[in-house]
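Chains as they are written, first to last, in the working numbering: chain A, -18 to 146; chain B, 26 to 453.
Read the hints as simulated data drawn from the structure, not as lab findings. Just so we're clear, the structure is a prediction, and the values are computed from it rather than from any experiment. From the three backbone atoms N, C-alpha and C, an ideal C-beta is built for every residue, glycine too. Heads up, a few of these hints could be off.
Said to hold, decoys possible - Which bits of chain B does chain A cover? Going by a derived footprint, with three or more residues having C-beta under 8 Å, they are:
# : segment
1 : 240 to 251
2 : 380 to 390
3 : 412 to 418
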Amino acid sequence: MLSESARATTREEARFRIDAPNSRSRAIKVIALDRASETVLRRLAQQPWRNAAFMTVLNKQPAAQPVGGWLADLAGDTMSLIEEIRSADVVVTLSNAGENSEMAGVVAEACRAQGKQMTALILDAAGAPEASLLKTLVPLRPCASMLVVANGEEYVEAMLTALRA
Amino acid sequence: MLRKEQNDLLTQTGPGTSGGAFFRSYWLPALLAEELPTNDCPPVRVKLLSERLLAWRDSEGRYGLMDEFCAHRGVSLWFGRNEEKGLRCPYHGWKYDVTGQCIDVPSEPADSGYCQRIKLKSYPLVERGGILWTYMGPPDKQPPLPEYEIVNVRPQQRFVAKRLQECNWLQALEGGIDSSHVSWLHRGELNTDPLFKGSRGNQYNLNDARPVFEVVENPGGLYIGVRRNAENNSYYWRITPWVMPSYTMIPPRGNHPVHGHFWVPIDDENCWAWSFDYHSTRDLTETEVQAMRDGKGIYVKFVPGSYRPLQNKDNDYLIDREAQKAGRYYSGVEGIAMQDASLQESMGPVVDRTKENLVSTDNGIIMARHRMLKAMKALVDKGTVPPGVDPAHQRVRSAAVILPADQPFNEAAREALTVRDGVAHASV
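Extracted from the complex, chain A is given alone in its bound form (with noise of 0.2 Å):
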């Protein structure tokens, strides 16, 4: 007689696992931290997600604003910092390498207070000097529980498309 594992794993036996939805939908909070990665938000927003925001960083807090509107969305309308970060499953940060991250230490403390994790995303690392890398990458490495570091900014659709964005 077959064990059970054997029985498992077949081929025929793949064909009866349930064909449901075994989770709902993530809300992906996509944030660029400079103008370089801006441009490569703005690309990624034209195409259509299933749950999937994306805004910017603002370089310092509007007077007129409310607390936390240290972001804007692509309209360029100041958007809540702690409210984006509330309603977030999932943050991730843009950077491009060589340019200047450190307003991801306002995210990232958004991220604490709501008990988020971000994940940090370096652009455009192939060829970037070691000096041009450090400005990105050591502002962000306190801040990320996952730092990835990508040659191209084709990465960020991969990655949004595999997490379910």
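Let chain A serve as the given structure and place chain B on it in line with the hints.
For chain B alone, coordinates are given in the frame of chain A:
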């Protein structure tokens, strides 16, 4: 998740597939040299990339890897007589050399030239590092021989084995890239297995239960870095390289030998898990080799006379629920290798990745898939040689190092991550 067509591309490696073309760009481990130990020894059936082949060694020590079946009536040449510089089919006496060229058709006049028109498909088979390697791609694209460090150390410094894994190769590879499972599935073994225990680095593992991951592309594949807090504003890094298509190395612990794997498709529902250990500057001790033979570390015990693990799906991997409950084996399965293999086989022959739910710690897996899909497309569309073919890409090491907190690990550990002949692995 992957779309179905992406999953098919990555998991199908038979002739005519994109994944098959990708794998056929590389030298691949085909057999252990010990499987063809002497001239004129019995031939060995080999299935690789969904092709039925026969490996053999002729009277002059030349290795051959060719179509398993006689061109005459389709008899398996596994029954062949290996003698006098050729393999003769016992059915009607057709004889072949190691290139698959027919050299005798007894029923035809010798001067008819008939046998010269018969040639079985064959591939080169070359011994390096105790492994017989083959290249199954177009002959005009044959790359230089493999240069992984394991093939260049002396035999006394290395141990190589292979085991059958009864699932698609990608499930096995992704286990090698996924560093985040180690703290769960193998937590019992880190402090008890003779080939892992006792390093200072293990203390960092224990002291910081929240490791942070970084993934960095390199020319041949990826580095996956896992960092934990260490002293004086520094991090303890464990760095795993992946070289395309399927070479991974586990970061070292103390002065133990370093471990690694190749994952090679047999067909789309089975693969060979090649496992190796070596020390870059010293011979392995008798105790270490005995532990490897006894199935410790990344090794297994075998069904006698085979390369099938003794713990396998037919006996439910000898799962021990008592040991699971007591915490001796986190999954109830004994041994690091079979802990991995049992779970990867449980996914089914080819897991449906349209149903998975990846999280951010899976970025190593996501990036590996992304790079392979990109490499396959470039190969098929433009003939671009994929990463990992260049021997320079293969001269990488894993490392366990302590680095300043503000350094990119792949730059700060550049020397440690590169093969340096006569220099030990960087280890903590």
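The hints, checked one at a time:
1. With 3 residues having a beta carbon nearer than 8 Å to a beta carbon of chain A, the segment 240 to 251 of chain B meets the requirement of three or more and the stated coverage holds.
2. Counting residues of the segment 380 to 390 of chain B whose beta carbon lies closer than 8 Å to any beta carbon of chain A gives 8, which meets the minimum of three for the stated coverage.
3. Remark: the segment 412 to 418 of chain B is not confirmed as covered by chain A, as 0 of its residues place a Cβ nearer than 8 Å to a Cβ of that chain, below the required three.
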